[in-house]
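Asks: What follows is the residue order along each chain.
There are 2 protein chains.
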Amino acid sequence: MARNLQVAVVGATGAVGQQMIKTLEERNFPIETLTLLSSARSAGKKVTFKGEELTVQEATPDSFKGIDIALFSAGGSVSQELAPHAVKHGAIVVDNTSAFRMDENVPLVVPEVNEEDLKEHNGIIANPNCSTIQMLVALEPIREKYGLNKVIVSTYQAVSGAGAAAVDELHEQTKAILEGKEFTPSVLPVKSDKKHYQIAFNAVPQIDKFQDNGFTFEEMKMINETKKIMHMKDLSVAATCVRLPVATGHAESVYIEIDNSDVTVSDLKALLQDAPGVTLQDDPANQVYPMPADCVGKNDVFVGRIRQDLDEARGFHLWVVSDNLLKGAAWNSVQIAESLIKLNLVK
Amino acid sequence: MARNLQVAVVGATGAVGQQMIKTLEERNFPIETLTLLSSARSAGKKVTFKGEELTVQEATPDSFKGIDIALFSAGGSVSQELAPHAVKHGAIVVDNTSAFRMDENVPLVVPEVNEEDLKEHNGIIANPNCSTIQMLVALEPIREKYGLNKVIVSTYQAVSGAGAAAVDELHEQTKAILEGKEFTPSVLPVKSDKKHYQIAFNAVPQIDKFQDNGFTFEEMKMINETKKIMHMKDLSVAATCVRLPVATGHAESVYIEIDNSDVTVSDLKALLQDAPGVTLQDDPANQVYPMPADCVGKNDVFVGRIRQDLDEARGFHLWVVSDNLLKGAAWNSVQIAESLIKLNLVK
Numbered sequence: 000m001a002r003n004l005q006v007a008v009v010g011a012t013g014a015v016g017q018q019m020i021k022t023l024e025e026r027n028f029p030i031e032t033l034t035l036l037s038s039a040r041s042a043g044k045k046v047t048f049k050g051e052e053l054t055v056q057e058a059t060p061d062s063f064k065g066i067d068i069a070l071f072s073a074g075g076s077v078s079q080e081l082a083p084h085a086v087k088h089g090a091i092v093v094d095n096t097s098a099f100r101m102d103e104n105v106p107l108v109v110p111e112v113n114e115e116d117l118k119e120h121n122g123i124i125a126n127p128n129c130s131t132i133q134m135l136v137a138l139e140p141i142r143e144k145y146g147l148n149k150v151i152v153s154t155y156q157a158v159s160g161a162g163a164a165a166v167d168e169l170h171e172q173t174k175a176i177l178e179g180k181e182f183t184p185s186v187l188p189v190k191s192d193k194k195h196y197q198i199a200f201n202a203v204p205q206i207d208k209f210q211d212n213g214f215t216f217e218e219m220k221m222i223n224e225t226k227k228i229m230h231m232k233d234l235s236v237a238a239t240c241v242r243l244p245v246a247t248g249h250a251e252s253v254y255i256e257i258d259n260s261d262v263t264v265s266d267l268k269a270l271l272q273d274a275p276g277v278t279l280q281d282d283p284a285n286q287v288y289p290m291p292a293d294c295v296g297k298n299d300v301f302v303g304r305i306r307q308d309l310d311e312a313r314g315f316h317l318w319v320v321s322d323n324l325l326k327g328a329a330w331n332s333v334q335i336a337e338s339l340i341k342l343n344l345v346k
Numbered sequence: 000m001a002r003n004l005q006v007a008v009v010g011a012t013g014a015v016g017q018q019m020i021k022t023l024e025e026r027n028f029p030i031e032t033l034t035l036l037s038s039a040r041s042a043g044k045k046v047t048f049k050g051e052e053l054t055v056q057e058a059t060p061d062s063f064k065g066i067d068i069a070l071f072s073a074g075g076s077v078s079q080e081l082a083p084h085a086v087k088h089g090a091i092v093v094d095n096t097s098a099f100r101m102d103e104n105v106p107l108v109v110p111e112v113n114e115e116d117l118k119e120h121n122g123i124i125a126n127p128n129c130s131t132i133q134m135l136v137a138l139e140p141i142r143e144k145y146g147l148n149k150v151i152v153s154t155y156q157a158v159s160g161a162g163a164a165a166v167d168e169l170h171e172q173t174k175a176i177l178e179g180k181e182f183t184p185s186v187l188p189v190k191s192d193k194k195h196y197q198i199a200f201n202a203v204p205q206i207d208k209f210q211d212n213g214f215t216f217e218e219m220k221m222i223n224e225t226k227k228i229m230h231m232k233d234l235s236v237a238a239t240c241v242r243l244p245v246a247t248g249h250a251e252s253v254y255i256e257i258d259n260s261d262v263t264v265s266d267l268k269a270l271l272q273d274a275p276g277v278t279l280q281d282d283p284a285n286q287v288y289p290m291p292a293d294c295v296g297k298n299d300v301f302v303g304r305i306r307q308d309l310d311e312a313r314g315f316h317l318w319v320v321s322d323n324l325l326k327g328a329a330w331n332s333v334q335i336a337e338s339l340i341k342l343n344l345v346k
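Protein chains in written order, with numbering that gives the first Met the number 0: chain A, 0 to 346; chain B, 0 to 346.
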């Protein structure tokens, strides 16, 4: 496949959409024409791509004629409505929302983990949840070599996962607190939920709405998506997801139990040192470990603080950090598009 | 014991010392004379107690003549040096540093958990690490009723645990970032360690220095102190400790495995509803859960987000929040002093 492609970005003016456009440019993705789509409200805005000014157009069912690949990141309801039209027009949809992730006809793909699943696509490919992606990039090499039984994760998630308005709220609220001024939370933890809480100088144990079982949807996404992507229906996975006063960069404290009982920390470091998409930052003696503030703008998943559990020989603890807008969203979507080309799946 | 006591606070001008003085006043602790002690540098400062202005004096080996109870919170080296002198003069020392915590002749006490251990004291009683205390207040009623096998905790800790200078650094750095100005970290994560990192809008997976086994001392404190306080040498405990851009209020994501296999979330809620020192805040449908910003200035430990693990019937997840300067330090110390009186241990 040598021809350049017709590519569309839906949600082009959003936090993730902007990163998608930037990533397509940085990767020099083979684009013939880039079509930028958005809601009627944002249509008309100008966006620069490769030095050229492009005008954002309103996304409609007919926007996808002739499009080869459409990257969606405009919310689940937009994907529900427009992705089927894009597919009907012959486009392959890479959807960054949760709309189709658990649909058994839709591959849910982290290229470092299950790129081959792309071959089973029926027009739509789902991009997993940000916190799932970075965890699996770190765990897949371990699972492949040493087996994996159990995952218990506690997250430290940035507000940009809740969109640009959440970042604004964090900054404005922080400023108000420092100046001793009043403020009224209105976006976090979940814009559409009943109550809103202070995020500045706080930690909020709610991301997305609650399910009846006491877990949030974010936690259930991590649990269910991990099992689907790793093709391990019976893997034990538990998650507690917490929002922090950090703009960008998710961190995760991950406990795992592997099958093999004579693996050392050195074995895991050697494995992750060479793992695709991973940068190992693990040198406690020199205070080297990953942090959200250091990962911003980088595509990789950063892993450090690898320790063997003191009681369970098959147990290990890891600290996993990545830019939630890049590997957690825009970069993983563009990477899926690159894999589609590599695997010759774009007609 | 009806008489009023001679009480000393060592480290009276520090973040915890100030809270101790406030707590002694609020609790109307039976004080005849309150002696405030500090380093030579802070001596001479004035502190108000019950409407009276007291002058802080330099702590020396002779400061403890006639003192009944001395509350220490001036750093481990001060406790190492002066606590033995205080004991020689007949005082009972309640030490908030890590100096004597793992000494087998020193009881390490959380009154809700092991108040009876006070009876074994030899002059010094150690106040546990802040993050250990709040976790054990939440777990002890569960351990007592249903048994406890395993604890895996990831913490979300406030900077005030590293002292007043760390709180200043958080606020000044946050302001600098919002104003786009330069800044140079110099306090966090550990003042005496080689490198210092940004804490504002970040999450730093290092509290205290690293040990050779890859765990930090803070993590090892949680592990070892939990076993000592609960008298469970063989309990499996693992910790990952993380510093957040929060001034006051530690949070913890705690996973436990209990002995009993037919316990429900309702059972645990009912148990914790009536547990000493615990306030249950657990109503996901109404977005009720504990948060650091809500716990400041309160003595209790707040517990919420109680969920049964989806794979392990004996596994439960909890979210535990408390004011690290109060139950984590000043209030637990004063509470120990109250227990000493109650148990008739003050001669």
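No lab work stands behind these hints: they were computed from the structure. As the structure is a computational prediction, the values presented were derived from the model and not from experiment. A hint or two may mislead.
[Claimed, not checked] In silico SDA-like links for lysine to any residue, alpha-carbon gap of 20 Å or less:
{"id": "1", "chain 1": "A", "residue 1": "180", "chain 2": "B", "residue 2": "293"}
{"id": "2", "chain 1": "A", "residue 1": "190", "chain 2": "B", "residue 2": "232"}
{"id": "3", "chain 1": "A", "residue 1": "193", "chain 2": "B", "residue 2": "285"}
{"id": "4", "chain 1": "B", "residue 1": "232", "chain 2": "A", "residue 2": "311"}
[What the hints assert, rightly or not] Chain B is nowhere near these chain A residues, computed Cβ spacing over 12 Å in every case:
{"id": "5", "residue": "12"}
{"id": "6", "residue": "111"}
{"id": "7", "residue": "194"}
{"id": "8", "residue": "198"}
{"id": "9", "residue": "238"}
{"id": "10", "residue": "244"}
{"id": "11", "residue": "311"}
{"id": "12", "residue": "314"}
By construction, the Cβ of each residue, glycine as well, lies at the ideal position given by its N, Cα and C atoms.
Asks: Confirm or reject each hint.
Replies: Taking the hints in turn, this is what the structure says about them:
Taking the CA atoms of residue 180 of chain A and residue 293 of chain B, the gap is about 18 Å. The hint holds against a cut of 20 Å. A distance of roughly 46 Å separates the Cα atoms of residue 190 of chain A and residue 232 of chain B; the hinted pair therefore is violated under the 20 Å criterion. With a CA separation close to 8 Å, the supplied pair residue 193 of chain A and residue 285 of chain B stays within the 20 Å bound. Restraint check for residue 232 of chain B and residue 311 of chain A: the C-alpha separation of about 15 Å stays at or below 20 Å, so the hint holds.
With a minimum CB-CB distance of about 24 Å to chain B, residue 12 of chain A clears the 12 Å threshold, and the non-interface call stands. Taking the minimum C-beta to C-beta distance to chain B, about 23 Å, the non-interface status of residue 111 of chain A holds against the 12 Å cut. Against the 12 Å criterion, residue 194 of chain A falls within the reach of chain B, whose nearest CB is about 5 Å from its own CB. For residue 198 of chain A, the shortest C-beta to C-beta distance to chain B comes to about 9 Å, within the 12 Å cut-off, and the non-interface label is violated.
In this structure residue 238 of chain A is not separated from chain B by more than 12 Å, as the shortest Cβ-Cβ distance comes to only about 9 Å. With a closest Cβ-Cβ approach of about 5 Å to chain B, residue 244 of chain A is found to fall inside the 12 Å limit, against its non-interface label. Consistency note on residue 311 of chain A: stated as away from chain B, yet its beta-carbon is not over 12 Å from all of that chain's, at 7 Å minimum. Against the 12 Å criterion, residue 314 of chain A falls within the reach of chain B, whose nearest CB is about 7 Å from its own CB.
Taken one by one, the earlier hints fail for this structure at numbers 2, 7, 8, 9, 10, 11, 12, listed in ascending order.
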